[in-house]
Amino acid sequence: MQPADRSAPRTQRRRGAPVERSRTGVPAPLWMPAAMALALLVLPVLGLLTRIELSRLPELVTAPAALDALELSLRTSLAATVLSLLLGAPLAVVLARSRLRGLRVLRAAVLLPLVLPPVVGGLALLYLLGRTGPLGRLLEDAFGVTVPYTSAAVVLAQTFVAMPFLVVGLEGALRTSGARYERVAATLGAGPWLTFRRVTVPLLVPALGSSLVLTFARALGEFGATITFAGSLRGTTRTLPLAIYTTAQSDVDAAVAMSLLLVVIALLVIALVGPKAVEGRGD
Amino acid sequence: MSGHRRLAAGLAVLLVLLTGCAGRDSGGGRTLTVLAAASLTEAFRDIGAKFSAEHPGVRVRFNFQGSTLLAEQIRQGRSADVYASADTRTMAKVVRAQAAAGQPRTFATNRLTIAVPAGNPAGIASLADLARPGPAVVVCAPQVPCGAATQDVERITGVRLSPVSEESNVKAVLNKVIAGEADAGLVYVTDARAAGEQVRAIDFPASKRAVHSYPAVVLKGADHPELAAEFARFLQGTQAREILGKYGFGTP
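Chain order of the listed sequences is A and B.
Using the numbering used here, read the first sequence as starting at 1 and increasing by one per residue.
Using the numbering used here, read the second sequence as starting at 1 and increasing by one per residue.
In case anyone wonders, no lab produced these hints; they're calculated from the structure.
Keep in mind that a hint or two might mislead.
Said to hold, decoys possible - Result set (SDA-like, lysine to any residue): computed pairs, CA atoms no more than 25 Å apart in a straight line: (1) K93/B with E53/A; (2) K208/B with T41/B; (3) K50/B with K208/B; (4) K220/B with R51/A; (5) K93/B with L49/A; (6) K93/B with L57/A.
Unchecked claim - Computed from the model, here is a short list of chain A residues facing chain B with C-beta under 10 Å: (7) R104; (8) Y127; (9) G130; (10) Y149; (11) S151; (12) G231; (13) R234; (14) T247; (15) D251.
Just so you know, even glycine gets a beta-carbon here, dropped at the ideal spot from N, CA and C.
Assemble the whole structure, with the sequences as input and the hints as a guide.
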């Protein structure tokens with residue numbers, strides 16, 4: 001990149017499109033910290049790979065406890081992603097388009113789970129929906145439903161921490177695309193619902209991919225809120241991250257093998273859906 | 001422009017903070033680092049204070065965690081002076097990893113009890129009540145010492161528990177009981193006592209047949225080997241026994 005830059009005549013470069021230049025010319029001082037950032041993100045995962053006990057790997061990865069946790073993780077994370085979409089997408093539209101007063105406060109409230117340590121989120125859920133929490137007691141007395149210690153509690157915990165990613169992603173997309181298409185649709189006589197279906201939803205699609213991937217990934221990795229709110233029991237609430245934590249107490253090789261499962265799923269998700277979704281959004 | 005300057009100033013502050021955190025506090029005296037099982041928290045704080053009082057200039061720094069987690073950290077090369085575990089199985093791991101200097105010695109014993117919330121909402125009276133359908137029972141996962149002790153109790157009594165959750169340490173079990181999220185939990189006698197009025201302890205006879213011991217050992221690579229050996233000896237002495245007894249531990 002740089003030699004090509006230098007060989008180009010000055011005048012020509014000055015006249016060249018500014019977009020072109022900003023895309024190719026990375027200032028030299030940025031390379032070092034950028035490399036360090038990459039190292040910080042990638043090296044620990046490589047460190048994990050060095051701890052793998054190859055002789056025991058197949059047996060450990062296919063151990064019933066690991067497979068149970070994997071299945072539960074995939075099921076609950078998918079459910080949390082769907083729930084986030086069903087509830088979070090409408091919320092994103094409201095945040096981006098409505099003229100409610102106090103919208104700023106609402107927006108901050110949506111960001112709260114991103115900032116809170118997940119354990120705090122788990123405690124908060126427990127004090128609301130636990131057997132002694134106000135809503136939890138109501139549910140138990142009225143319907144005989146106990147939320148904690150169920151897979152539903154896992155989904156709730158995952159949705160709590162993951163939905164903000166979807167809301168923020170979609171809301172950002174809506175706000176950058178602006179409301180002019182919707183206004184045009186309205187002037188052409190379309191009602192709000194028709195406008196939503198035919199104009200707003202298509203506007204959301206490019207951002208949907210990346211937002212869904214982020215949401216699913218966050219739900220898959222959820223640990224703190226789940227262990228605090230839902231507990232930890234094989235097949236019911238012990239998702240892969242919880243199983244890794246519990247197993248690491250006694251058998252580190254098995255915990256590393258399970259971690260590898262999680263890394264592979266994460267890579268698959270990124271490879272299959274991630275880049276395409278992100279590129280679609282960038283262009 | 002001012003934005004850049006502010007960013008630079010922010011980075012500078014961050015750097016100072018980081019380097020400040022990296023620096024060890026050096027008070028001139030010696031600091032003994034003791035890694036101990038979470039269930040020893042209250043008793044060891046008192047013992048540490050007594051030990052410091054008898055050894056001027058010596059500070060005892062504790063790290064209380066699940067025994068197994070500490071054992072794994074030691075195996076991974078964490079350096080400390082003394083390790084005190086909640087069972088012999090976990091200690092054996094450290095010995096097998098050749099991280100122990102000398103033989104571990106038992107300094108206390110502990111056993112399980114049933115902890116129920118103050119009002120005992122599920123009306124638990126015995127271990128057999130925990131196996132009934134209905135009460136939400138929380139125990140430790142078999143991978144940690146209190147869970148291993150729970151399995152021992154199940155084996156001895158033939159009572160099969162079906163817990164709603166298996167926690168990774170005994171304090172998590174206790175907290176679920178205190179919060180009223182569990183109708184009963186199997187915890188150590190000492191934890192139930194430390195919780196005071198918040199829980200009620202219901203003893204069951206079989207727990208006396210599943211007593212387990214707390215061994216301590218001086219670690220290889222200790223910063224202060226002699227001082228560490230002295231602390232390990234101190235744990236066997238009458239003063240330490242008295243403190244441990246006060247918190248509900250038995251004597252070996």
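Exercise. What are the numbers of the hints the structure violates, in ascending order?
Worked result: 3, 7 and 11
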